[in-house]
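Asks: Listed below are the residues making up each chain.
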Amino acid sequence: MQILSQLVNGVAIGSVYAIVALGFTIVFGVAKVVNFAQGSQVVMSAYVAWAAVQAGAPLWAAFLISVVASVLLAWFIDLIAVEWLGKAAEIAPLLSTMALAYIIDQGVALIWTPDPQPFPNPMAGEQVTFGGMYFSATDATILGVSVVTMAGVALFLRRAWLGRAIRATAQDPVAAEQMGVNPRVTRLAAFALAGIVGAVGGVLVGMYFQQINPYLGLPLGLKGFAAAMVGGITSLVGAVVGGIVIGVFEALSSGFIGPEYRDLVAYGLLLVILLARPSGLFGSKALRGLGGERGAGAIPTTSLLANSVGEPVMVAGLRKLKMRWSYAAVAVIMLACLIIPSPYWVSVLAQVSIFATGALALTLLTGQAGQVSIGHAAVMGVGAYAAARLTLDQGWPLALIVLAVIGSGALAGLFMALPVLRLSGHTGALATLAVGQIGYLAFLNAMPITRGSLGISGISAPPILLIGGQEVDAVLAMGLLCAVMLALSLLIYQVIARGRLGIQLRAIREDRLAASSTGIRVTWTLALAYAVSGIIAGLAGMMFAYQQTFISPDSFKVQLSLLLLTMILVGGITSPLGAIVGAAVLTILPEVLREIADYRMIVYGVIMLVMVKYLPAGLVHLPRWRRSERVAPAAESGPSARTGAGYDGPTDPDSLAAAVRLDGDDVIPAVDPAEERQGVLVNAAH
Amino acid sequence: MSISRRGFLAGVGTLAAGSLAAACSVRTTNTSTDGSASGVDLFRAGVYLPLTGDLASNGKDVQRGLDLYIKQLNADGGINGHQVEFTYRDTKGEPKTAASIAQEYAQDDDIVLGIGAFTSTATMAAVPVLVKNGIPNLAPTSSHPDYTTLGPGLFRGTPTVDVESRLTAEFLVKTHGKKKIAIAWRQDDWGVFANDVFSAAVEEFGGELVASLPISLDTKDYRSIVTQLHSLEPEAVHFAGQYAEGAVFAQQLAATGWTPLIVGSGALYGDKFLELVGDAAEGWYSPVSFFADAVSPVVQKFVKEYTAEYGEAPRTFAAIGYDSGHILAEAAKTIDATGKEARQPLIEALAKVDIEGATGQLRYTGNGDLAPTPRTWLQIRDGAFVEVGV
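Protein sequences, first through last, are from chains A and B.
Each number in our numbering corresponds to the 1-based position in the first sequence with 1062 added.
Each number in our numbering corresponds to the 1-based position in the second sequence with 79 added.
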């Protein structure tokens, strides 16, 4: 009996996920943009509808108003993430939609207060009940609307002229344009479609929970994501089925394993499905090109650092910044710790070192190996918990703890690599998101080890910093110790990046197939990169635990993973100096912005957008980039021209492997960009 | 395009220079006050609460209560002639940010007391820094049992949740004679503690705990939990959670048509819960420390002034914030100092506080914990909270 009830519960919440997932699928299918702001868009639509009802409009009119607002917002997202950012790297829309999500969420909270609001549901109370189970009119409506929306959109894409134009543009923009299709119009139409679906989702989500709050966007968005991925991110049928599959698994696991394992099972399921079918349950086979070694040949590069037409983008800085600059930066941090009399700023500097270390772990993965991780907070957490327990329970000396943290960090990195290795591009990045969520939930539920949400308090670093038998001022000691760990991590990074392994990683980043055919063992090499990245992230976690003295699962949520990723993008993705600069900017900025708390996330979001647009190679490349602009005022003609003009040529053989592919006009975009797009929406018309 | 890029670069430069200037100015203000801390005629407390993020509505309640008390206090001449001022900081609910704010306060010699944070995880990340610098901390809402053990000078603004959990167990098993009991608890430090105490107390009073189900904070859907609860057929259910999820839980439970005896947490109390839940929580009980219709003159004064100031009735967290302001004022009135010099005397004075607040008689038991306050039993009848005798 309970099993039947839980199935019904699963289908009900699953339809909610499905309607959010549909929005993702449409945007991804048309613009190949992973729209992180989808959840926020749904929530904003719900708020607009609610506000209209408050103002006296009937629900149907409120819905229409919400549709208009949502379409306008969708166009705005298109304007920013697609139009404005243009040929930026694939990873740019990810970042820019994330920035938009911050802006939308805080905007909603500012306009309509952070309080939850009751959402009207005219169908409330209408349901069939039997035993402990019910299926309400609202549930039926949501399920029905999901299916009808899915079918309607599919039909529109298949039959209507505009729908076919949208598909044609998605497959081959150039050819479509030659056939008289205006790509701008079709994309606006597609985003309008996503906006309408977002508004429908907003109203239905509001009716389901009979309550809305401004911070529903992220949890809802993550589940919608998971649903879209499970179904196959290009398939409309997949979005609905994926939503329901996740909903049912959640309900069953909640009922029969325990409510605390609900999300663990959901994200675990996502990983398993990605492993078994990287393109999802209904994903097109053509999309395999985005995942796995074999399919890689279809695309000039499997790297997220390339743009949507496969051209390498200036994200990868070309002139190799010597490692000594990074060490110099560490020296500057240490010197600043010694000179600055304020313990407050010294502890901010300690945090800069910690996050720089964490970001460095990503530089190794993303900058060198082209793997994007949105789950590194969990790896940091493993290091932090290991250090905390060993310090408190065993009282080990620091040297031993560092070794233990290195060991556990490497294991955590390998664990993350396990599902991710077979994937690449967006799929790989989203799999790391799932791993990160699983890590967070594990910290929350492994009570005996982590004390769950109670957290571990009173962690203090083993006393090693005795100079002449006298203890150094604690804040200063911590600042210096964090900087030393950063230096140690730089050393590890250097050993990896400068050696043979570094060359192999960069070769894999550029072209898995080519790398594989030259005898590089792609899987093993990447696994090693993940392990080393895990070691560095673990060290960051260890210092985080020592510096904060208190850790709880709250400290290692997805927001931290996103922050680390933002740091390397802001600083510069291929250079360790970029990690340090990015960490410094993004640690100090919130401290300075704290006075304007209410608008902080909006300002933060705007700064992120501007960075992605104008400084794609990161702050560290600022000086050189200016010079190259002088040499080549025709920077507009594309990234290749820009790279060509400003390129000094690598002098050391190490960076040659990376540079050859990136060296401006010598790059032959051997493959028709259309091929990469192929199948993106073919399948959407299921 | 290239012009706008140059323009942007100039912008970045200005921004960088600006932040640097801001950073420096923060430092210089602080160092300049070093020499003349007592010359400042302000009694300054650092208040750090979640003012944005998903805990913002609770944080803002505490903030409003605090502001209301201090506004009146300042209008009446402040503390020994010193106006009280708060340096507000937003923790976003993040422990990391709370720790960083604590460093900022530690830096500021004008700060006498820290007030915050909201969740215990954020509080406990911040207080080690405050303790190290001799700054006392008053945590209006933090319920973590370990909090007051982290050092001297750590005080609570409200008794821990165990008071409420024990009373609820007694109410269900003894008063109502229910044998099979279940609890659904919010999966944070507050809920973990509530569940521990409640589960033990149910057994102690002779009841049987048939289910203990955690409610994940990221899950907004509770139908599976309702179904599971129902299948275990408890006679009574304790819902240990906050009002936002409480409303969804109540609606999804009511939809099944199953009506066990339900006791919610005291945190449900307030108009917002009634507004969100509609008629789905009819008959629910709630033990509260603050009840707006209580006869106590302190409560009546607070409710009247709060409603006049903010145009809505206060919730429990606002009352707790108001009482925290009261505690601060009561302790500080014996001290004739501000800034750094006032910290140690304030710790000693806080320990002696014994006041009648809006949330009951608040008296410290020596280590910063408060003596249990009595609870008023409320029941939701016809869409309103009404007092019931037990």
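Since the hints were derived computationally from the structure, they do not count as laboratory data.
Each hint should be verified, as a subset may be incorrect.
[To be verified] One side of the interface only, derived from the structure: several residues of chain B facing chain A at Cβ under 8 Å:
1. Thr131
2. Asp241
3. Arg302
4. Asn446
[Stated by the list, open to error] Derived SDA-like pairs: lysine to any residue, alpha-carbon spacing no greater than 25 Å straight-line:
5. B:Lys139 to A:Leu1538
6. B:Lys258 to A:Val1243
7. B:Lys419 to A:Leu1538
8. B:Lys259 to A:Ile1065
9. B:Lys211 to A:Gly1320
10. B:Lys211 to A:Leu1454
[Stated by the list, open to error] DEER-style ranges, computed between Cβ atoms:
11. A:Leu1550 to B:Asp433: 39 to 45 Å
12. A:Ala1202 to B:Lys258: 34 to 40 Å
13. A:Met1185 to B:Asp350: 21 to 27 Å
14. B:Leu121 to A:Gln1556: 24 to 30 Å
15. A:Leu1217 to B:Glu361: 41 to 47 Å
Source: prediction; values computed, not measured.
Glycine residues also receive a C-beta, built at the ideal position from the N, C-alpha and C atoms.
Asks: I'd like to know which numbered hints this structure contradicts. Please list them from smallest to largest.
Replies: 2, 4, 5, 6, 9, 11, 14
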